[in-house]
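There are 6 protein chains.
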Amino acid sequence: MWSNIFLFALLFSTYNNVAVQSFCVADLKGAQTPEGFLCKPPTSVKVDDFILSGLEPPTTPPSSNSSKITLTPAFVQQIPGLNGLGFAVARLDMDVGGVVPLHSHPDASEMLIIVRGTVTAGFIAADNSVFVKTLRSGDVMVLPQGLLHFQLNSGNGKALVHLAFSSSNPSTQFLDVALFGSNLNSDLITKTTLLDLFEVKKLKAIFGGSG
Amino acid sequence: MWSNIFLFALLFSTYNNVAVQSFCVADLKGAQTPEGFLCKPPTSVKVDDFILSGLEPPTTPPSSNSSKITLTPAFVQQIPGLNGLGFAVARLDMDVGGVVPLHSHPDASEMLIIVRGTVTAGFIAADNSVFVKTLRSGDVMVLPQGLLHFQLNSGNGKALVHLAFSSSNPSTQFLDVALFGSNLNSDLITKTTLLDLFEVKKLKAIFGGSG
Amino acid sequence: MWSNIFLFALLFSTYNNVAVQSFCVADLKGAQTPEGFLCKPPTSVKVDDFILSGLEPPTTPPSSNSSKITLTPAFVQQIPGLNGLGFAVARLDMDVGGVVPLHSHPDASEMLIIVRGTVTAGFIAADNSVFVKTLRSGDVMVLPQGLLHFQLNSGNGKALVHLAFSSSNPSTQFLDVALFGSNLNSDLITKTTLLDLFEVKKLKAIFGGSG
Amino acid sequence: MWSNIFLFALLFSTYNNVAVQSFCVADLKGAQTPEGFLCKPPTSVKVDDFILSGLEPPTTPPSSNSSKITLTPAFVQQIPGLNGLGFAVARLDMDVGGVVPLHSHPDASEMLIIVRGTVTAGFIAADNSVFVKTLRSGDVMVLPQGLLHFQLNSGNGKALVHLAFSSSNPSTQFLDVALFGSNLNSDLITKTTLLDLFEVKKLKAIFGGSG
Amino acid sequence: MWSNIFLFALLFSTYNNVAVQSFCVADLKGAQTPEGFLCKPPTSVKVDDFILSGLEPPTTPPSSNSSKITLTPAFVQQIPGLNGLGFAVARLDMDVGGVVPLHSHPDASEMLIIVRGTVTAGFIAADNSVFVKTLRSGDVMVLPQGLLHFQLNSGNGKALVHLAFSSSNPSTQFLDVALFGSNLNSDLITKTTLLDLFEVKKLKAIFGGSG
Amino acid sequence: MWSNIFLFALLFSTYNNVAVQSFCVADLKGAQTPEGFLCKPPTSVKVDDFILSGLEPPTTPPSSNSSKITLTPAFVQQIPGLNGLGFAVARLDMDVGGVVPLHSHPDASEMLIIVRGTVTAGFIAADNSVFVKTLRSGDVMVLPQGLLHFQLNSGNGKALVHLAFSSSNPSTQFLDVALFGSNLNSDLITKTTLLDLFEVKKLKAIFGGSG
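Protein chains in written order, with our numbering: chain E, 38 to 248; chain B, 38 to 248; chain U, 38 to 248; chain D, 38 to 248; chain G, 38 to 248; chain Z, 38 to 248.
Misleading hints may appear alongside valid ones.
Quick partial rundown of chain E residues pointing at chain B, CB under 10 Å, derived from the structure [stated by the list, open to error]: (1) 63; (2) 68; (3) 70; (4) 72.
Keep in mind that the hints were calculated from the coordinates and are not lab data.
Owing to the predicted nature of the structure, the values given are computational and were not obtained by experimental measurement.
Ideal placement from N, C-alpha and C gives every residue a C-beta, glycine not left out.
Turn these sequences into a full structure, and let the hints guide you.
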């Protein structure tokens, strides 16, 4: 009696033949829109568009860079199936003494899950309240959108943190890199931050900024 | 005195010559974005982009398929002017004994307006509360987004239902077709649903699933 | 072996005991927010919160009012379960000669499904293009958000139209009632519309406007 | 010790090489989406994409058109960097007696900042309440989305108003131009507005409407 | 010279004294809105509103329930600071043979980060495409909103998975619990799923459903 | 003939008696939601809820504070009718040498309209591109959401700037005040910014920070 409900299903789907899928996998080579990438044709979507097999310990140890951290993102560029879904994750490896310097995400909130180690994290609210906590394995912390925050490995061993973001393509503004690694004129920096010119010049030498 | 306000209007609109229209009619042959289709050029928009002349009784009777229903959508593929507006409608014809099998819309809520006949409809909430009601002509029911629901013609005659959706391109996941008409491995089905393997095999034979 | 998966489900849901439901049924006596009403407590939600049993032919015939139409809404005030879902429906009965005068919905697009009769409907776009069509049973038309539009029964019999809106609580601004039924000063009306003062006064007498 | 944090920053950004910027500057020659224009490639973005150097007094005096006003927009077509940001501004110059005739913005709310002069502004709410106020330099007024409103220079000198909109590309529907400058049939106008046919014909002659 | 910029800051903030914070920490005892909970007064916000110290291995082993899994959420009820931010995380412990039965999230997409073990996960798209993959430590997978999906421990040891959701309060609909643990009438189940009545009764006995 | 269309309008509006208005004026003494304030009862809304009569030159000259600027906001706290509309404006007075120090708005983009004077403004993008421009009367500049930016009066006289924001209640994070006027521990500051401890202490003395 019900043997051709399948035919019905096929009939139904002919009406929806353009967009029967309920997701929009990024065409990473195509144009971007204010809400993400254009979609790949549904027929070319495959399971690996939803998967990243690389959220692993970095092959180059974090200690090989001066901040002793490595961030491995699983954002829309790594997982095209995240397009338009409004969230993403990442992995953060921190060697002893590792620091994620003061930064903000202009378009995303962040969560930390401490997998291993001891991490001191904090953010400064718009009313200048400070929210700092030393977190251990199993602790979770939220860092609301657009606010300056930091993480540092405050333990005696390596730390591993899983991150979640409320954007599939979060951008990051590092305070030091923005100020001292860009070509923002040193005079403008001192006028708008009150930092000492000597200090600015010293940090520009470190971060490679010009101007 | 006011004779050239029209000139003013023309002047004003020259500033807006790219996008003076306040809608985005779908270019159905163009790419999709996470928020819908790219827009047709305003100059090629015509009244029929906002109209569907086909929400009529089906020429093939619903009883010619095993579920005894016919769904006629008026979604963005049928009405390009719906693009970006976030809603759509459809017509559902149900013969005696017709059933819309258990299904959900991953990206849309639904409303039913019973035009003719007697229809029993229901949905199961995320806390497993069941909301079922037998509806008659003039009754309206809401089925919130993403929840399993069904409709069946519980009367003695044909039923006609008008549907509204909170998406201009709602997708549908039929439980039976997803499980038994797809290539999802039978072993995975039994493990993740506790359904009996014999039952799974029997339904796969009906719905045409492999694996 | 699986006999206590139910226990698991119960355990799981204890974590979500405040908001395990995935909808927000309006507390119609409570405060409103920019996104709709506050939610009723989940424990007091019942099936009738999702149902309206009154989208029926009006008991008072449309011809008893001068525009010869009756609009019966199924909005959030009638169906509290619509709260936050972003759409609604309504029923429009039009006697011979019935007219829905020129109006707009500041916060919603609209769709018409002609159930019975012949209806001429149209809207004026922001670039002053006019989109008018005479619709018959089975025709569907979209009227994009915020634009002036109208419907009139252009046939020889009664017309019945089902409406859908992209808001669960659409508001309506009737041009005539706004101008001539409000207390907007007549002098301001003539200056900002160029309508003749005599015409304004005449229509104010009809619509009851002061000023 | 910290000398290669800059290297770290570079490493980090290689992951984000497609979309490291947190904005989407409009490609004004490209297609539009329901949420705005496609984005320019990040490498071609320059400071002038965020700037308009033309919100100045009009070279042609407002009094050269019959409504004695000039509107100078700073919308996404003028400032591509506004794409996707959801707001815009404009400048309104009004000569003595200048009037912005009754109109609405289907997709945007508006704010007025009176820079100079005396302006009477008002809007009509969906419940026909009228909100009118005579504003002077330093006064600010909000006009909610989709509602009919107007501004007129009610002082003895020129007026200058800065406008803000809650859309980066607001559209405008002028009542008079929509009704009397379009090709909407005169018979339809009288039926759906109750305006006198003679009045309609007279205004069509002024605004250039046909039909 | 700059010594009172601090005073300026104080002055500035007096304007914003109601809502100077840029987040809305949930008042978990207050009412809910369609977009989340009402906000706590800013003055009562403390660092622990942004922290959960409980995403740890469960004290009761997963194997003590029949599905051999334990889910530990870090949703808005656990972390009030998540309110309105649109994402959340959780921890999933799976013993050998553990299964998260077929389910969907009506209002959230999900990501899996495999921390330890081997997990087979999959989802069925609305066009009945099946996306299944066996994931190992370091693999990440996305499961788009509203679609049926499952996870099972397909390895020889325990598995640990971190989950992220695109909602701060995701709801879950387990297929088995919805069908066989609710009071949905058995006759309705067989009619709308084609499952055998005997099978339905057997599973109702397991999951505790009535009707 | 049409004399009772007004009656019709009254009839129609009885259906909408709770929320016939299409806006939500803030009840500033009530609770906040993630999307803004609760709404005032429609019956208590008055024209002044949409108006601020105070965007005037400050009575205390900007030069009385060390940054020589005064910001006068027209946000939702000043204009309750802005609630839920997603934008706001403000007035910025800058004396000679006035500076708006480096800051960001976590939840809003900003536009500048230079009314008078010469202002150098700039922002740093997430890829460390710097966008700086010296603006004169009639220039408009956009500063995208969440990015560090500044303005300084680079001319010889006073400057007046009108600001627009893409939030009705934008928050602000001043870099100096966040770092040196809060109680963020000095050791954490040096570790996460590489600033010299002596510099940090000196600025804390200026901005009043502890820790």
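Now the hints, each set against the structure:
{"no.": "1", "hint": "63", "result": "holds (9 Å)"}
{"no.": "2", "hint": "68", "result": "holds (8 Å)"}
{"no.": "3", "hint": "70", "result": "holds (5 Å)"}
{"no.": "4", "hint": "72", "result": "holds (5 Å)"}
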